[in-house]
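Trainee: Chain by chain, the residues run as shown.
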Amino acid sequence: MTETTTAGASAEAARGPTAGPGTTTITMTVNATTRHLELEPRTTLAEALRDALDLTGTKLACDRGACAACTVWLNGRPVCSCMMLAIDADGQAVTTIEGLAQGEALHPVQEAFIEHDALQCGFCTPGMVMSSAALLERNPQPDAEAVRDALAGHYCRCGTYPHVVAAVLAAAERK
Amino acid sequence: MNRFAYATPATLAEAAANTELVSEAMVTLAEGAVLKAGGIDLLDLLKSELLAPSLVVSLRALPGLDAITQDPAGNLVIGAMATLAAVADHPLVRAAYPALAEAIAGSASPELRNVATLGGNLLQRPHCWYFRSPAYHCLRKGGGHCFAIRGESQYHAIFDNQACAIVHPSTPATVLVALGAEVELHDAEGAARRLALEDFFIGPADDLQRENALRPREVLTAIHLPGRAPGSRMAHRRQGEKAGFDWPLADVAVVLTLDPDGTCGKASVVLGAAAPVPRRARSAEQVLQGRRIDAAVAADAARAALHGATPLSRNDYKLALFETLVRRAILAAAG
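Protein sequences appear in the order of chains A and B.
Letter by letter, the first sequence follows residues 1 to 175 of my numbering.
Letter by letter, the second sequence follows residues 176 to 510 of my numbering.
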């Protein structure tokens, strides 16, 4: 590194592309649609989805990655959207609960949750469904233990866990 | 969360040059720059306003930092940006270091493991609830007092807890220390150094406000694991209040080499959630070395592992927990 690149005037050169602290353009594919958002770097992915895109199916409860209510897919893998910056999803593909059904046809996991009464208040349900559907993508025939492992991060204060496990196993049968 | 600028350098030198505050989120000064890996711990600290950086330097645009490769000598090199999920699922890790894969698969939750990195995991700040609470200006945050020692200490250290009673937050670290892992560190001038992970972590006696030996303008880039020695065996055992997604109350890693006649050669016994750093139980290792391992030897070693423990008012239950886990881990490794 040369002396000039460490000087204040060349701070940009020394640290690479820099955005913020004001708003910056973030581009991501959300439910198969390209979206351009003007957000501060401190904005979380959960805030971007709910507040900027009005996709309020993604729920915020603990806001610390401790309950997984905010689970969405990032490039097909379930993540806690509250513990990610939206800017880290720049250029990536995000799938939310709104993007899971095909038009009017619910995803098999959604159908099974309804049939097995796998929700009560329903607040944790979008996150549960996203992680369950992701599990079936990579393990189409899980046993009950694999389902419980995949959902270990999710809290349901209504205590629907046994029905959730039954629903995911039933969805696996159906797929 | 305060407002901050966000940089995505394309070279390590650029990343290191701007991080007066190092690690994923080392040092709790009110300003400056922090490095961001997966960002799970960093976001937690930002949301609690324990950190308020003016610049977040993300490592995500640096090429190759998430690679997991085997060198010609058979050592495994895990890039610091490899996610916990990628490490736990990697065929080389599962085949050669099953205890590591198991420990990582039991850490955090699937959603967090898809984002959290192994480097960031090793550089987490402590999860002591007094440290994490903005309401307590504890010793580690520059205050004058450790609130845990005479307070709610049920999840705290049973060793080296006279000044500050944190336990080390990383479960993978327990196994990595037992395996003899090293960390690779790069600075802004391009110089690199390697340090045994065991020596990388530092306790309250060395520094009350840092948990590792990372210097300013230095970046942790990789974790090196020595190839498996002939006859080596390993096991990891943990106990939490829940089966999954919970911090361990106690965890134990054991790595042994057994000679063809069953005699224990090298032994490494490490306790996690016991002390401010992953703790080598050297007295237990001495019991094992040169012996044929049976239930009685394992029980002797397990008792020895707790020599010198100084439990606090709320955590003496950990003594029995660790003794049981050490015994079981030794027998599992030897079996």
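If you are wondering where the hints come from, they were derived from the structure by calculation, not from laboratory data.
All values reported here derive from a predicted model rather than from experimental measurement.
Please note that the accuracy of each hint is not assured.
To be verified - Here are some, though not all, of the chain A residues that point toward chain B, as calculated from beta-carbon distances under 7 Å:
{"id": "1", "residue": "Thr23"}
{"id": "2", "residue": "Arg42"}
{"id": "3", "residue": "Gly57"}
{"id": "4", "residue": "Ala61"}
{"id": "5", "residue": "Ala146"}
{"id": "6", "residue": "Ala152"}
Claimed, not checked - Simulated pairs of lysine to aspartate or glutamate, DMTMM-like, Cα-Cα distance not exceeding 25 Å:
{"id": "7", "chain 1": "B", "residue 1": "Lys316", "chain 2": "A", "residue 2": "Asp149"}
{"id": "8", "chain 1": "B", "residue 1": "Lys441", "chain 2": "B", "residue 2": "Glu224"}
{"id": "9", "chain 1": "B", "residue 1": "Lys222", "chain 2": "A", "residue 2": "Asp63"}
{"id": "10", "chain 1": "A", "residue 1": "Lys175", "chain 2": "A", "residue 2": "Asp149"}
Note that CB positions come from ideal geometry on N, CA and C, so glycine has one too.
Trainee: Run every hint past the structure and note whether it holds.
Mentor: Structure-based check of all given hints:
Nearest Cβ of chain B to the Cβ of Thr23 (chain A): about 10 Å, over the 7 Å cut. The hint is violated. Because the smallest distance between the Cβ of Arg42 (chain A) and any Cβ of chain B comes to about 5 Å, under 7 Å, the interface hint for this residue holds. The criterion of a C-beta within 7 Å of any C-beta in chain B is not met by Gly57 (chain A), whose closest approach is roughly 16 Å, and the hint is violated. Interface hint status for Ala61 (chain A): violated, as the beta-carbon distance to the closest one in chain B is roughly 13 Å, over 7 Å.
Annotation: interface hint on Ala146 (chain A) violated; nearest CB of chain B at approximately 11 Å, more than 7 Å. The restraint placing Ala152 (chain A) at the interface with chain B holds, with a minimum CB-CB distance near 4 Å, inside the 7 Å limit. Distance restraint check for Lys316 (chain B) and Asp149 (chain A): the Cα-Cα separation of roughly 36 Å exceeds the 25 Å cut-off, and the hinted pair is therefore not satisfied. Using a Cα cut-off of 25 Å, the hinted pair Lys441 (chain B) and Glu224 (chain B) is violated, with the two alpha carbons roughly 45 Å apart.
Straight-line distance between C-alpha atoms of Lys222 (chain B) and Asp63 (chain A) comes to about 9 Å, which keeps the hinted pair within the 25 Å bound. In summary, the hint linking Lys175 (chain A) to Asp149 (chain A) is supported, as the alpha carbons are separated by about 20 Å, within the 25 Å threshold.
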